[in-house]
Structures are given as structure tokens and as C-alpha cells.
Amino acid sequence: MAGYTSVTAEDLAIMLDAIGVGSVEELFDAIPVGVRLGRPIDLPPGEPEQAVYAELRRLAARNVSAEDEITFLGAGMYDHYVPSIVDMLMSRSEFLTPYTPYQPEVSQGGLQVMFEYQTAISELTGLPVSNASVYEGPSAVGAAAYLAKLTNKRRRVLVGRGVHPHSRATLETLAVGYGMEVAEIGLDDGVTDLAALRDALGDDVSAVILQQPNFIGAIEDVQAIADAAHGHGALVICAADPLTLGVLEAPGNQGADLVVGEGQSLGNRLDFGGPSFGFFAATEKHIRSMPGRIAGETTDADGRRGFVLTLQTREQHIRREKATSNICTSQALNALGGVVYLSWLGRRGIVELGELILQRTHYARETLSALDGVDKLHDCPVVREFALRLDADVGRVLERCAAAGVNAGYALGRSYEEFGDGLLVAITEQRSRADIDRLAEVLGAAVAAERAGAGAQVAAQVTSSEGLSLR
Amino acid sequence: MTGERSDPFTSQTEHQRERATTIFEKGAPRRRAFRAPELDVPAVEGLIPAAQRRGTPPRLPEASEPEIVRHYVNLSKRNFDLDSGFYPLGSCTMKHNPRLHERVAALPGHARLHPLQDPRRAQGALELMFNLQESLAEIAGLPHVSLQPSAGSHGELAGVLLTRAYHADRGEQRTKVLTPDSAHSTNPATVTMAGYEVVKVALDAAGGVDVDDLRAKADDSVACLMLTNPSTLGIFDPNIEEIASIVHGVGATLYYDGANLNAIMGYSRPGDMGFDIVHFNLHKTFTQPHGGGGPGAGPIAVSDRIEPYLPRPQVVRRAPSNGGPPTFDLDDDRGGSESKSIGKLRGFQGNYGVFVRTYAYIRSLGGEGLQDVSEVAVLNANYLLARLREKVGDRLPLAFGERCMHEFVLSGAPMKKELGIRTLDVAKRLLDHGFHPPTVYFPLVVDEALLIEPTETETRETLDAFADAIAAIVAEAEQDPEIARNAPYTTPVRRLDEAGAAKRPRVREVLPD
Chain X
178 MAGYTSVTAE
188 DLAIMLDAIG
198 VGSVEELFDA
208 IPVGVRLGRP
218 IDLPPGEPEQ
228 AVYAELRRLA
238 ARNVSAEDEI
248 TFLGAGMYDH
258 YVPSIVDMLM
268 SRSEFLTPYT
278 PYQPEVSQGG
288 LQVMFEYQTA
298 ISELTGLPVS
308 NASVYEGPSA
318 VGAAAYLAKL
328 TNKRRRVLVG
338 RGVHPHSRAT
348 LETLAVGYGM
358 EVAEIGLDDG
368 VTDLAALRDA
378 LGDDVSAVIL
388 QQPNFIGAIE
398 DVQAIADAAH
408 GHGALVICAA
418 DPLTLGVLEA
428 PGNQGADLVV
438 GEGQSLGNRL
448 DFGGPSFGFF
458 AATEKHIRSM
468 PGRIAGETTD
478 ADGRRGFVLT
488 LQTREQHIRR
498 EKATSNICTS
508 QALNALGGVV
518 YLSWLGRRGI
528 VELGELILQR
538 THYARETLSA
548 LDGVDKLHDC
558 PVVREFALRL
568 DADVGRVLER
578 CAAAGVNAGY
588 ALGRSYEEFG
598 DGLLVAITEQ
608 RSRADIDRLA
618 EVLGAAVAAE
628 RAGAGAQVAA
638 QVTSSEGLSL
648 R
Chain Z
5 MTGERSDPFT
15 SQTEHQRERA
25 TTIFEKGAPR
35 RRAFRAPELD
45 VPAVEGLIPA
55 AQRRGTPPRL
65 PEASEPEIVR
75 HYVNLSKRNF
85 DLDSGFYPLG
95 SCTMKHNPRL
105 HERVAALPGH
115 ARLHPLQDPR
125 RAQGALELMF
135 NLQESLAEIA
145 GLPHVSLQPS
155 AGSHGELAGV
165 LLTRAYHADR
175 GEQRTKVLTP
185 DSAHSTNPAT
195 VTMAGYEVVK
205 VALDAAGGVD
215 VDDLRAKADD
225 SVACLMLTNP
235 STLGIFDPNI
245 EEIASIVHGV
255 GATLYYDGAN
265 LNAIMGYSRP
275 GDMGFDIVHF
285 NLHKTFTQPH
295 GGGGPGAGPI
305 AVSDRIEPYL
315 PRPQVVRRAP
325 SNGGPPTFDL
335 DDDRGGSESK
345 SIGKLRGFQG
355 NYGVFVRTYA
365 YIRSLGGEGL
375 QDVSEVAVLN
385 ANYLLARLRE
395 KVGDRLPLAF
405 GERCMHEFVL
415 SGAPMKKELG
425 IRTLDVAKRL
435 LDHGFHPPTV
445 YFPLVVDEAL
455 LIEPTETETR
465 ETLDAFADAI
475 AAIVAEAEQD
485 PEIARNAPYT
495 TPVRRLDEAG
505 AAKRPRVREV
515 LPD
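Sequence order for the protein chains is X and Z. Sequential numbering of the first sequence, starting at 178, is according to the working numbering. Sequential numbering of the second sequence, starting at 5, is according to the working numbering.
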């Protein structure tokens with residue numbers, strides 16, 4: 178057993194004597210016999226550090242990570258390069274191991290990081306107020322809907338079908354508790370159907386939720402949606418990919434009242450889906466209804482500049498059941514990664530990186546849609562991700578590509594029955610022109626092979642390689 | 005540092021206390037750290053329609069890599085952290101964070117695994133998650149686990165939504181959720197978000213749930229009782245069997261807030277006590293570093309009757325027909341169109357990086373090691389309590405009972421009355437002694453509360469030193485209470501104007517155009 182305790186026999190004798198009991202077991206006397214476990218916990222025995230390392234290494238080796246293949250998989254999380262200073266700063270004890278900054282005098286580092294993070298998110302989103310982060314993207318969308326409910330007491334939420342399927346699903350789950358009803362607005366040629374939105378809007382609509390760029394990669398007209406929603410007094414919630422906001426207009430400058438989303442693309446690793454952070458920004462008037470922690474600037478007893486957690490009367494430990502949210506932590510460490518990453522990218526870098534990805538995305542989209550049996554799913558402008566239609570079984574095409582060491586993307590049919598032939602392809606700065614050309618080669622061959630009717634043979638091959646060790 | 009003026013109470017110099025400057029005030033125009041990869045495709049104009057193209061770039065910092073590193077390293081030095089000192093923050097379980105966990109979580113096979121990777125190519129991750137589900141089920145004494153919730157508060161929300169689904173499925177519309185006065189403050193907030201009314205249950209003289217009050221309030225309008233056991237008073241409720249029987253008797257569910265699980269492993273399990281739903285705080289009991297306020301994870305374990313409603317996806321093990329090794333999969337529809345699942349609570353399948361650390365911890369300790377954790381946690385708490393009672397028992401008495409589980413609550417009320425210093429003053433003066441203060445003014449049921457949780461990873465010497473520091477602060481206040489009232493003196497800043505911050509919120513840096 179590799180424990181982290183330190184009680185020696187001598188310690189134990191001294192401690193029991195000070196307490197005035199004869200044994201450790203006696204300290205548990207308050208637990209009634211009827212609810213006792215009465216046997217040891219049934220788990221495999223503990224192992225020394227090197228054995229645990231070996232086991233975790235074995236499990237890691239059974240995963241095909243972005244290190245092991247050329248991947249174009251995105252759909253909400255992206256394989257961006259994480260600079261070394263992010264790892265280095267996130268692993269410093271002083272950031273890694275404190276609790277929430279309840280004692281501001283000895284937490285100025287963490288509090289100032291939150292303040293800087295809030296400033297960076299405010300700049301990206303074009304909104305004056307950001308909190309110190311929430312759990313992650315889809316639940317941030319759900320939290321935004323709750324703010325809308327608290328604000329205007331209306332019961333309906335309209336959500337565009339271009340919003341991430343996980344965000345829509347999370348919203349459905351939470352709406353049951355909020356007592357809200359969720360209605361979906363369909364897509365028209367790749368973007369939110371404005372006419373359908375206008376038809377669905379009414380004075381009972383609390384908020385309209387859209388995503389920029391939307392799930393199938395298309396750039397939405399945020400201003401047009403916001404104008405329609407505001408015409409009925411509804412709030413506009415825009416879920417955004419923050420990495421694109423160097424080249425795309427800030428939704429806050431286009432009428433969005435709340436801009437929220439998944440922060441993983443800002444210097445956080447994939448981690449099979451988490452932990453990352455959700456960001457949450459709002460116009461000034463919503464500051465006292467925000468969920469989560471907010472750092473604010475103040476002065477100390479000597480007049481020196483300092484930072485504290487502020488507006489805590491919103492929070493549970495003061496307001497209890499009347500709190501604006503039950504969220505009591507931020508994702509402080511992940512948000513630190515976010516602000517360090519944004520500082521590293523810098524004012525020019527975020528534009529340059531966005532521009533590079535934009536150009537490569539365009540190149541990839543044109544190159545791939547020129548292949549036989551491959552077409553664009555829509556013609557809308559895109560930034561970092563785009564959807565294709567394949568004239569072949571998408572699952573089998575993906576299998577063929579994977580066998581060639583390329584992860585071609587996300588089968589849209591997993592979330593959209595109407596796009597059963599759809600493939601969603603994501604580009605990051607880690608995918609070079611050569612990688613894209615390789616994808617074109619592999620995808621073209623896979624589609625051609627499937628169209629030639631060799632499908633059954635390959636499916637059999639893939640099944641036999643299950644439990645794969647693809648290294 | 006010689007020649008600089010220093011504060012009479014500290015070793016800090018004016019230089020160390022200079023005005024805080026943010027990263028936005030550092031650097032210079034056109035300075036940079038990032039270098040973009042070469043544009044290797046033909047440049048095309050007009051890819052983004054003019055109306056959607058950003059006109060003015062966000063005013064992010066413009067600084068070199070050395071400047072950024074120095075800025076954040078210097079900021080880090082303005083934090084107190086668990087690796088440098090004792091952090092007895094009650095109900096937060098500030099135990100040692102093993103560095104093995106950081107090493108294994110950073111392996112590219114875990115850290116660079118995409119959440120939508122085909123499950124057949126994520127077998128290691130799914131095996132880990134499945135094994136963790138099984139381990140947590142054994143620890144909770146409840147058979148079914150969902151790893152999805154992102155934090156304790158998120159686990160609570162999942163639990164109350166599960167309760168709602170359970171009652172709805174039986175055609176019942178219940179409206180109330182009971183919580184005791186000593187509950188974690190997220191409990192009532194969660195109840196409201198899940199659409200229920202909060203009804204408080206009183207505590208009895210011993211700090212447990214007042215069973216008569218519970219019986220009076222428990223009827224068929226009650227959906228659930230949310231309870232922490234041991235409570236935030238550090239007391240194991242001796243009436244837990246009766247409480248469970250009252251709650252189940254009116255058809256309600258019993259919810260266990262797992263924040264205090266560190267006290268009972270190997271002795272009792274929430275399932276053994278009759279709970280239907282439990283959330284774990286992997287960042288408390290299972291060593292996920294707190295990160296200055298996140299990330300954490302709040303998996304839930306439930307009984308058979310709650311299982312149909314669990315969130316999706318669930319990790320499942322499938323035995324292959326050919327007798328080979330089992331495979332693992334994500335069950336994303338939980339029964340398809342017949343599914344009773346409450347649905348998704350977040351994106352993807354949870355905070356996997358936290359699961360890796362938790363799994364490494366459970367594999368390091370095993371069942372025996374987890375029992376040792378609780379035994380030493382309770383031993384340390386009682387030892388520290390004994391030392392404090394011996395030294396300052398009259399000024400800072402134990403709020404309830406004689407002994408405690410893994411944490412205990414002292415009341416600063418006599419000290420306030422007799423010496424004129426408050427719990428807050430003790431907390432601030434502790435900073436000058438190099439200790440992080442306990443949780444203060446919580447639980448609300450104790451006047452001037454100090455909630456102290458030493459955890460199992462502290463040595464006896466540290467506990468002695470902490471007791472000595474508290475005693476020194478009280479003795480100092482007997483002579484001159486002003487010292488504590490104006491503390492701290494040695495920290496990067498002194499007491500901060502929190503009221504002013506809330507009145508005129510400045511929540512971002514003001515930047516030049």
C-alpha cells in the first residue's frame with residue numbers, strides 16, 4: 178500500500194493518549210452497528226508508485242490519441258498546439274494546489290489571474306463583464322438560459338439546430354428543473370432559418386440561443402438573429418468558439434447579450450473531454466445575475482491595489498436557495514491555461530492564427546470537395562470546420578481512413594439524422610497542407626473503394642483488428 | 005533588500021509590495037511570444053463576409069515569452085498553496101496531491117485523446133472509466149455510477165433531477181426538498197435550480213438532524229432529503245437509520261452529499277446507511293488538485309431504483325461472443341426510445357483528466373489504504389481538537405459534542421465577548437503565522453464558527469505547530485487585541501475593501517484604445 182500518511186507507532190500512542198481513547202476504532206463508535214460495512218473495502222490491493230505508473234501507461238497505450246494519427250476530428254474540442262509555458266505554469270504548486278481564494282490576502286496571485294482572464298474574455302467576446310469561468314461549454318449554455326429565466330421570467334427558449342448537440346441536450350435536461358420549454362429552430366442551407374425563427378418568436382420567449390460558428394462550421398449572421406430576438410424582448414445567447422474571435426466579429430458587438438462557450442481551444446488539452454473551462458460573458462446590466470465566481474479590483478488597508486471575489490451576494494453561501502446559480506467553483510486552473518495562452522498568442526497572434534486556420538480550412542474544403550463522390554454539405558462561409566457529403570457509407574469510409582492513419586473527422590449522422598451522409602472536418606494550425614493533402618488522398622481512395630463496392634471486405638478486416646494496438 | 009524600509013511586523017519590503025500590475029500593462033506594442041506556422045496554402049481574400057469580419061482585434065497583451073513567464077511566476081508567489089503549508093479548510097479536504105497523478109494524466113494517450121474518438125480506439129480510457137465506476141460503486145455501497153457531473157454542485161443537481169425523474173415516472177408531483185440547517189450552501193441553491201422548494205430541518209441539541217422536526221415535515225409532498233453525514237459539524241448522525249426510515253416511509257429519496265466521505269471509508273458506506281443517491285467530490289477525497297478553484301469532478305452513485313434515470317452516456321463492458329477479452333463502449337442512448345435517462349448534463353463524458361488521477365489514487369491505496377485514510381483523518385482531527393481544547397478550550401470551545409469525525413467546529417463567541425476579537429481576526433492573524441486559516445463563519449448554525457479539517461496527510465508536528473499558533477494568537481489578544489484586529493501584516497496585501505469592490509464593481513482591466 179502506497180499511502181500518504183505519516184503516523185508512526187510512537188505518534189499513535191501520543192495521539193491516542195491526548196485524545197483519551199484506547200484505539201483508533203473507538204473514534205468511530207458514533208457509527209451505529211446497523212450501518213457498518215463490517216468487512217474490508219473490496220478493491221484490488223494498493224500498488225507501489227512504479228506499478229501504478231505502468232498500469233496507467235498501459236491504459237494510455239490502448240488509446241489512439243492525436244499524437245498517433247493525423248486527426249481532423251473537432252466537433253467541439255480541437256487539437257491545437259498547447260505551448261510549453263501553459264504546462265509549466267499550470268503545474269506550479271502555487272496555482273495547482275490552493276483552494277478557491279477565500280483568503281484574498283494570500284490569494285492575490287490566483288485572484289489577479291481571474292481578473293486578467295476576465296479582461297481577456299471580455300475583449301474576445303465584446304462584452305464588458307466576464308465571470309471567472311464555469312464547468313465547460315454545454316453547461317455554460319444551460320447556465321445562460323437560467324440567467325435569462327431569472328431576468329425576464331419567461332418560459333420558452335428557442336435554440337438553433339446549429340448549436341452543438343451536447344449543448345442542446347444539456348439545455349433539455351436542465352430546462353426540466355428550470356420549468357422552461359425548449360423549442361428548436363431548424364437550419365436553412367447551413368445556417369439558422371431566420372424566417373422560422375421570426376415565426377417562432379413571441380413575447381413569451383425568454384432567450385434565443387445560437388452558436389458561432391455553428392456546429393456544421395457555418396458563420397451565422399448574429400446581428401440579424403439578435404435584431405429579431407430583441408424585437409420581442411428576448412435575450413440573445415451566443416455560444417462561440419473563442420479561438421475564432423480574432424477574425425470573426427465579437428458577438429457582443431453584434432447584439433448578443435450573453436456570450437458563452439467551451440474554452441478548450443484556448444490552451445487546454447483534449448483530455449478525452451475534460452477538464453477544460455466554460456466562459457461566460459454578459460452585458461453590464463446582467464452583472465448581478467451572473468453565475469459563478471467573479472474577481473473584482475479593490476484596495477487594501479494601506480491603499481494598495483488588490484483583488485477579491487466580488488458580488489458574492491449572488492452566491493449560495495450568502496443567498497442559499499435564492500442564489501443566481503448553484504455553481505460554486507470556477508475552473509480556475511484551466512482558465513489560467515486560457516489566459517496564459519491568450520497572452521502568448523497576443524493581440525496580433527490571435528488574428529494571425531485565425532487567418533492561418535481560415536486559409537487552410539478553405540484549402541481543405543476546396544481540395545476535398547473536388548474529390549469524386551465528395552461534395553460540400555453547404556456553401557456558407559466557414560472558419561475552422563466544414564461539412565461534406567459523401568456518396569458512400571460514412572462509417573466505413575472513416576474506418577478505411579483510420580486504417581491508413583488518418584482520422585477524417587466526425588460522422589454527422591451521429592447527431593443529425595438528416596445528415597447521415599455528412600462528415601465534419603476540423604482544421605487546426607497543427608494540420609499542415611501536407612496533412613490535408615494526405616487526407617485528400619486517403620479520403621478519395623476510401624470513397625472510391627466504397628463506391629466500387631468493396632465495403633463488406635473492409636468491414637470484416639476492421640472487426641478482426643478489434644482491441645487494436647495501433648502503434 | 006538591505007536599505008529598504010520594512011514593516012515593523014514583517015520581513016516584507018516596500019519593493020515586494022509595489023502596486024500590482026496586470027499582464028495587460030506589461031509588454032510593448034508589437035512585442036510577441038507566438039510565431040505562426042508558415043502559410044503553406046494559397047492566400048485567398050474575402051473568405052469571411054465583411055459584416056462578420058472582426059474590425060478591431062481584441063486588445064490582448066503584447067509581451068515576450070520571458071515577460072509572460074516572469075509575470076505569472078511572480079503572481080504565483082502571491083498565493084498560499086497546499087504544497088507550501090498547512091491548509092485546514094473545513095469541508096474542503098485539503099490533502100496532499102500526489103505528483104504521480106500529474107505525470108500519468110499528462111501521458112499523451114490520455115491528455116491528447118479526443119472525446120469523440122471511436123470507442124474502439126479509446127479502449128484504455130473506457131476501461132479506466134469502467135473500472136473507476138466499479139470502484140466508486142464499491143466505495144459508495146451503491147451499484148450504479150455516472151461519472152458525468154463536473155463538480156460537487158453539478159452532482160447535486162444531477163441527483164435532484166434524478167429524484168424528479170423518479171417521482172415523475174411514478175406519476176407523482178412532489179414539490180419540496182428538505183435540507184438541514186448545517187447543509188452545504190450549494191444544496192439549497194441546487195434545489196431551486198431543479199424546481200423544488202427548500203424546506204429546512206432543524207438540528208437537535210447534539211448537532212444531528214432533529215428527528216421530530218423531520219417527522220413533522222416529511223409527507224408526500226417531499227421529494228428528497230439532502231444530507232451530509234458526517235455533517236459539516238463533523239458529527240456522524242447516530243439516528244441515520246431512523247432518518248432513512250422516515251424519508252423512505254413517505255416515498256422520498258435520500259441524497260448523500262459526499263463532501264465528507266473522507267471520514268468513513270472502510271467503516272460505513274452511504275448505501276449501507278440507506279441513501280439512494282451519492283455524489284463524490286473527486287477533488288476532496290480523491291486528491292484531484294483544487295487548482296485555485298477548479299477543476300473538480302462530482303460523479304454520482306445510485307441505487308437500483310434510480311438507475312433507469314442516470315445521465316447518458318454510461319460506460320459499459322461488453323463480453324465478446326468469441327470468448328476473447330471484454331471490450332468497453334459508451335452507451336449513449338441508455339435504452340433508446342424507451343430511455344428514462346434524464347439526458348446529458350454537459351458535453352462529452354466528464355472530466356476524464358480527473359478520473360485518471362482518481363484512478364491512480366485508488367490503485368495506489370487499495371481498499372486497505374482508503375480505510376487508513378479515514379482512520380488517520382479522524383485521528384488527526386481528534387488529536388488537533390484535543391490539543392486546542394487543552395490550550396484554548398475556554399476561549400474557543402467545541403460547538404457540539406466531545407469528539408469529532410474528520411473535522412470539527414469551534415465557536416469564537418466567548419473569545420469575541422471576552423477579548424473583543426472575532427473569528428475573522430484569528431483567521432487573518434494565522435496568515436502571519438504561515439498557516440491557511442480554517443473555514444470561517446460556516447456552518448451558519450454556529451456563532452463565529454471555525455471549521456477545521458486537518459486531513460490524513462499532515463504530520464503530528466504540523467498539528468502541534470498549528471495548535472501553538474492559535475494559542476499564541478489568543479494569548480497575544482489577551483494583551484493587545486488590536487494586533488489581531490489589524491492582521492495580517494506579512495502578506496502581499498493587507499485586509500481588502502470587499503464592500504467597496506461590490507459597490508463599484510471593476511471586474512476587468514481598463515485598457516487604452
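Heads up, some of the hints might be wrong.
To be verified - SDA-like mimics (lysine to any residue), calculated; alpha carbons at most 20 Å apart, straight line:
{"hint": "1", "chain 1": "X", "residue 1": "K462", "chain 2": "Z", "residue 2": "K395"}
{"hint": "2", "chain 1": "Z", "residue 1": "K420", "chain 2": "Z", "residue 2": "R393"}
{"hint": "3", "chain 1": "Z", "residue 1": "K81", "chain 2": "X", "residue 2": "V198"}
{"hint": "4", "chain 1": "Z", "residue 1": "K395", "chain 2": "X", "residue 2": "V198"}
{"hint": "5", "chain 1": "X", "residue 1": "K462", "chain 2": "Z", "residue 2": "E513"}
As the list claims (entries may be wrong) - Not everything, but these chain Z residues come out facing chain X in the computed CB check (under 10 Å):
{"hint": "6", "residue": "A67"}
{"hint": "7", "residue": "K420"}
{"hint": "8", "residue": "P516"}
Stated by the list, open to error - From the derived model, a few chain Z residues whose C-beta atoms are all more than 10 Å from chain X:
{"hint": "9", "residue": "A47"}
{"hint": "10", "residue": "R58"}
{"hint": "11", "residue": "E106"}
{"hint": "12", "residue": "D308"}
{"hint": "13", "residue": "R321"}
{"hint": "14", "residue": "G339"}
{"hint": "15", "residue": "S341"}
{"hint": "16", "residue": "L402"}
{"hint": "17", "residue": "A475"}
{"hint": "18", "residue": "E482"}
FYI, nobody ran anything at the bench for these hints, they're computed from the structure. Note that CB positions come from ideal geometry on N, CA and C, so glycine has one too.
These are the hints, each one checked on the structure:
no., hint, result
1, K462/X to K395/Z, "violated, 51 Å"
2, K420/Z to R393/Z, "holds, 17 Å"
3, K81/Z to V198/X, "violated, 42 Å"
4, K395/Z to V198/X, "holds, 19 Å"
5, K462/X to E513/Z, "holds, 18 Å"
6, A67, "holds, 6 Å"
7, K420, "violated, 19 Å"
8, P516, "violated, 12 Å"
9, A47, "violated, 6 Å"
10, R58, "violated, 5 Å"
11, E106, "violated, 6 Å"
12, D308, "holds, 19 Å"
13, R321, "holds, 13 Å"
14, G339, "holds, 15 Å"
15, S341, "holds, 13 Å"
16, L402, "holds, 13 Å"
17, A475, "holds, 15 Å"
18, E482, "holds, 24 Å"
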